[in-house]
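Enquirer: Here are the chains, one letter per residue:
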Amino acid sequence: MSALPPALGQAFRIAAAELGMAAAARLFVDEVAAGGGAEAIAALRDRLGREYPVLDLAAARWLAGEAPPAIDPGPVIAALAGIERLVAVGLEVHHLDALLPRVPAIEVGLVTEGRALSPEWRRVLANYDGQVEAVGLSDFQLWAGPRAALLTFVYGGDSHVVHVSGQWLRVSGPDVRLIFRSLIGWDVVGGALHVYPRWFAEVARSSFTEVIG
Amino acid sequence: MSDAQIVLSAILVITLLAQAFAPALRVLIVTAGAGLACLAATALGVADTGAILAAVPWDVLVILVTLGLLSQIFAESRLFDRLAVSATRVSGADPARLTLVFAVAMYLASGVVNNLTALVLVLPVIHVLLGLGGMSQRYVSWTLGVLLVACNLGGAATPIGDFPAILLLGRGNMGFGEYLVRAAPTTMIALVILLVLVHLVVRPARGIPSDPLSTRLTRAVMEALHRRVSLRRRLFLPAAIALGAMVVAWLALPQRWGIGPELVCWIGAGGALLACGRRGEGLARRGIDAEAVLFLLSLFVMVGAVSRTGLFADVAHALTELPVSPGLQLVIFLVLGGVLTGLFSAGPSMAALLEVAESLARDLPGEAVYVGLAMAVCAGSSLFLTAATAGPLAQALTERAELRDAEGNQLRFGFFDFLPVGLLSFALILAVGIAYALWSLGRA
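Taken in order, these protein sequences are the chains called A and B. Counting in the numbering used here, the first sequence runs from 25 upward without gaps. Counting in the numbering used here, the second sequence runs from 3 upward without gaps.
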C-alpha cells in the first residue's frame with residue numbers, strides 16, 4: 025500500500041469530476057496496474073474502494089481477471105430514433121465520446137449545474153468542439169418537447185432500483201417526464217456495486233423510459 | 003509647490019491609495035478621481051476638461067484594446083490549452099521541471115498576448131497538476147509566484163506584452179525593434195537568474211515525492227482531460243498571420259510614412275477579426291476589456307491634469323539637480339519607480355513616472371532611462387501579489403480550485419504566500435534593470 029502516491033485520493037477525485045466516475049476508474053485501474061500490477065491494484069482498492077464504489081468495482085474486476093464492460097452506443101442510438109434534442113445529465117466521457125460522433129444531427133446539451141464534483145466546464149466542452157452546449161438547471165426545460173430526450177448514466181442496481189448521480193434527482197420528476205419524450209438511463213458499470221453506493225442516489229428503474237446496458 | 007500642484011497631486015495620490023486599499027471598487031474610484039481632477043483643474047485655471055481629454059494618449063488605448071482582442075482570438079483558438087498540455091509533456095509531470103517549463107512557457111506567451119488572458123487559460127491546467135501531485139504549500143506558493151513573475155518579465159520583454167511597454171511604444175519614446183532588442187535579452191537574463199536561484203537554492207519541490215506512478219497518473223489524466231481539445235486553425239491562423247504582419251510592419255515601416263504602431267494594431271487586429279467571421283464580430287462586441295480601458299483612461303486624465311501644473315517637470319528637475327552623478331540620479335529614479343509600482347501597481351506608476359522619465363531622457367540616453375524604467379516597473383509589479391497585473395486573479399482562481407496537499411490541508415495563494423517570491427524577484431529584476439541602465443549609460 026505504501027507504494028501508492030499519498031495524494032491518490034485527491035487525484036482520483038479531480039479525474040472523476042472531469043471524466044466521470046467510470047471513466048476515471050478505468051483510467052486509474054489501467055495506469056496503476058501497468059505501474060504496479062496486482063499488488064498495487066489490491067492496495068488501490070483497499071485505500072480508495074470504500075470512498076469510490078465504481079473504482080472498487082473496476083479494481084475487483086481487474087483482480088478477478090475480468091475485462092471492463094464494453095461501451096456500445098448502438099442501443100442508445102436506437103432509443104434516440106426520432107429525437108432532435110438530447111439533454112445529458114451527468115458526465116461519463118468514454119460513453120459520450122462513443123455516442124456523440126454517431127448522432128451528429130442531434131442537438132446536445134449537458135447540464136452543468138448541480139454536480140457534487142465540479143469540473144472545469146470550459147475544458148470539458150472544448151473536447152466536443154461545439155457539438156455540446158452547456159445547459160443550466162433553470163433552463164433545461166427549454167430543451168423539452170416531443171422530439172427531446174433526457175439521458176443519464178446508471179451505476180448498477182437490480183431489477184427494481186438503479187443508482188444515478190444526485191444531479192439526476194434535481195432534473196427528473198413527474199413534471200419533467202411529461203415534457204420529454206424519453207428518459208434514458210445508460211448503465212456504465214454493467215453490474216452491482218460491491219460497497220455502499222456513495223455519491224449516488226437510488227431511483228426506481230421504472231422511472232426511466234428505458235435503461236440500457 | 004503651487005496650490006494647483008498640491009490639490010491635483012493630492013487628488014491623484016488619494017485616488018491611487020483608495021483604489022489600492024479597495025480593489026473591488028477600483029474602477030469607480032479612479033473614474034470619480036478623474037472627474038474630480040478635471041473639476042479642480044478647471045476651477046484652478048490649470049486647464050479645462052477638453053484640453054485634458056485632448057492630451058490623453060488615445061493611441062495607447064487603441065493599442066491596448068486591439069492587442070486585447072487579438073489575445074482573445076488566440077484564447078478562442080485553444081492555443082493555450084495545447085501549450086499547457088505540451089508543457090506538461092515536456093516536463094514529464096516532474097514537480098521540479100514543471101515550475102521551470104511553465105515559467106518559460108508563460109514568459110514566452112506573455113510577450114505576445116495579454117498576461118491575464120494567458121493566465122486565465124493556463125492556470126486551470128496548473129491547478130489540476132498541483133492537485134494530482136498533492137503538492138505542498140511551499141511548492142504551490144513558489145510555483146504560482148514564479149509563474150506570475152515570469153508573466154511580468156514576458157510582458158516587459160516586448161513592446162506589446164504589457165501596458166508599460168505599450169505606453170513607451172505608443173508615445174513614441176522607443177521604436178518597436180529598438181525596445182525589443184534591449185528589453186528582451188535583459189528580461190531573459192533576469193528570468194534565467196531567477197529560475198536558477200529557485201531551482202538550485204530555494205528548491206520548492208524538495209520533499210515532494212516524485213514516484214513513477216504519480217507522474218504516470220498525472221500524464222494519463224492530463225491527456226484524458228484534453229483528449230479531443232485541438233487547435234482551432236480557423237481562428238489561430240488569421241490571428242498568427244495578423245500578428246506576424248504587425249511585427250513586420252512595426253519593424254520595417256519607415257517612420258516618414260506616418261503609420262504609427264496604433265494604426266498597425268488597428269488594421270492588423272481588425273483584419274484578424276474580420277477573417278474570423280461571426281466569431282470575430284462576437285469578440286469585437288463582447289471581448290473588449292472595458293474595465294482596463296476605463297481604468298487607464300481615468301489615470302491618464304488625472305496624470306494629465308497634474309502634468310499641466312508642471313509638477314512632473316519640477317520633480318525631474320529636482321532629480322537632475324541632486325549633487326550626485328547622472329548614473330546615481332538614474333538609479334535613485336529607478337528604485338523609486340520600483341517601490342512606487344509595488345505600492346500603486348504598474349498602470350498608475352508608469353503613467354506618472356513616464357512624465358518624469360521623458361524629462362530625464364533629455365539629458366540621459368533614452369534607452370537607459372526607458373528600458374531601466376520598464377524593468378523597474380516590472381520589479382515593482384513583482385513585489386506584492388496586489389501589484390502584479392494578474393496577481394489578484396491568480397489568487398481568486400487558486401481559491402476557487404480548492405487545492406489540498408497530500409494530508410488534505412487546504413492550499414492557499416495569498417499575499418503572504420507570495421511575499422518571499424516577490425521580495426526575491428523585486429531585488430533581482432531591479433538589480434538587472436539598474437545594471438542594464440548603468441551599462442547603457444557607460445556606453446553612451
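Derived from the structure by calculation, the hints contain no laboratory data. Treat each hint with caution, since some may be false.
Chain B stretches covered by chain A per the calculated footprint, using a threshold of three residues with CB under 8 angstroms from any CB of chain A [as the list claims (entries may be wrong)]: (1) 120-134; (2) 213-220.
With the C-beta cut set under 8 angstroms, the calculated list includes, among others, these residues of chain A facing chain B [said to hold, decoys possible]: (3) Leu-51; (4) Gly-59; (5) Glu-63; (6) Gly-138; (7) Ala-140; (8) Glu-144; (9) Ala-150; (10) Asn-151; (11) Asp-153.
Label-pair ranges, simulated between beta-carbon atoms [stated by the list, open to error]: (12) A:Glu-108 / B:Leu-395: 39 to 49 angstroms; (13) A:Leu-87 / B:Gly-410: 20 to 30 angstroms; (14) A:Tyr-220 / B:Ala-429: 33 to 43 angstroms; (15) A:Trp-145 / B:Leu-30: 22 to 32 angstroms; (16) B:Ala-26 / A:Glu-137: 50 to 60 angstroms.
Every residue, glycine too, gets a C-beta built ideally from N, C-alpha and C.
Enquirer: Each hint: holds or not?
Expert: Here is how each hint holds up against the structure:
1. 120-134: Our answer is that it holds, as 4 residues pass the Cβ test (under 8 angstroms) against chain A, meeting three.
2. 213-220: With 7 residues closer than 8 angstroms to chain A, the region 213-220 of chain B meets the three-residue bar; holds.
3. Leu-51: 6 angstroms, holds
4. Gly-59: The hint holds - Gly-59 (chain A) has a Cβ within 8 angstroms of chain B, the shortest such distance being about 4 angstroms.
5. Glu-63: Check failed: Cβ of Glu-63 (chain A) comes no nearer than 12 angstroms to chain B, outside 8 angstroms.
6. Gly-138: 18 angstroms, violated
7. Ala-140: 13 angstroms, violated
8. Glu-144: At 5 angstroms from the nearest chain B Cβ, Glu-144 (chain A) passes the 8 angstroms test, so the hint holds.
9. Ala-150: Nearest chain B Cβ about 5 angstroms off; hint holds.
10. Asn-151: 4 angstroms, holds
11. Asp-153: 7 angstroms, holds
12. A:Glu-108 / B:Leu-395: 39 to 49 angstroms: 40 angstroms, holds
13. A:Leu-87 / B:Gly-410: 20 to 30 angstroms: About 27 angstroms separates the Cβ atoms of Leu-87 (chain A) and Gly-410 (chain B), which means 20 to 30 angstroms holds.
14. A:Tyr-220 / B:Ala-429: 33 to 43 angstroms: Given range 33 to 43 angstroms: violated, Cβ gap about 56 angstroms.
15. A:Trp-145 / B:Leu-30: 22 to 32 angstroms: The hint (22 to 32 angstroms, Cβ to Cβ) holds, given that Trp-145 (chain A) and Leu-30 (chain B) are roughly 31 angstroms apart.
16. B:Ala-26 / A:Glu-137: 50 to 60 angstroms: 26 angstroms, violated
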